[in-house]
Amino acid sequence: MVTKPSMKDSATGPDEGSTGLMNYWLQKAYPWSQLQGVGETPAATFLATPDAGRGNRVCGTGTVQTLTQVQPKPAQYEGTLLTKTNETISFGAVGDATGIKQGGPATFCGVASGVQTLGTTRAIREVGMFDTPINRGATGGGGNSLAACCAALRQNSASMPPPQNMYAMAAAQYCSAAAAAVANPAQKDATINAIRGMLKGAAMPGTCR
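Position 43 of the sequence shown, counting from 1, maps to 180 under my numbering, and the rest follow consecutively.
Hints in this document: simulated from the structure, not taken from any laboratory. Fair warning: this is a prediction, and the values are worked out from it, not measured in the lab. Some hints could be false.
Here are the computed lysine-lysine pairs in the DSSO-like style, where the Cα-Cα straight-line distance is at most 30 Å [said to hold, decoys possible]:
id, residue 1, residue 2
1, K325, K221
2, K238, K325
3, K210, K238
4, K238, K337
5, K325, K337
6, K221, K337
7, K221, K238
Construct the complete structure from the given sequences, taking the supplied hints into account.
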């Protein structure tokens, strides 16, 4: 696996750590479930203190600004995504990209290696994958357990600026109360959608997707 010392900020393209991660993922078919097991850092926090977040997972939901297929097999893409909270993610994506297109909506999760300078924009450089049913393993069940989602919301609220921290804490409290009553995938998905609305644009933990 790639070590943190090789992960650096860059003004000339993907850093050594990012390139190493891409090569590793293309060879090992790194799964979505393993990606979700990596510690998460909110996008805004990573941009503020990249040294503390290198090697962590950063997820973002927003609009795909650019998208280029590097190769079809194994699938590899390069591009940028502007999140709903105005952070730019410079991504190297592996796996499925069904339905993903330039100008369209997407959620991307990846391992962040550093800050990449794109003109006047500071972007988070990540290697990962889009949140699609195929990348998830076609489970359609909403990801990990609600308990993990609740815990991630509480953890994220501690590092978010106001008022996002208050939204995240309120969502965490709702999540904990709802978790005990969820009995099937449909109820779980409804709870996740309610949490997404409560966050009002604040970062949604990858374990909640």
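For each hint, the structure was consulted:
no.: 1; hint: K325 - K221; in the structure: 24 Å, holds
no.: 2; hint: K238 - K325; in the structure: 28 Å, holds
no.: 3; hint: K210 - K238; in the structure: 18 Å, holds
no.: 4; hint: K238 - K337; in the structure: 25 Å, holds
no.: 5; hint: K325 - K337; in the structure: 19 Å, holds
no.: 6; hint: K221 - K337; in the structure: 10 Å, holds
no.: 7; hint: K221 - K238; in the structure: 17 Å, holds
Checked against the numbered hints above, the structure violates none of them.
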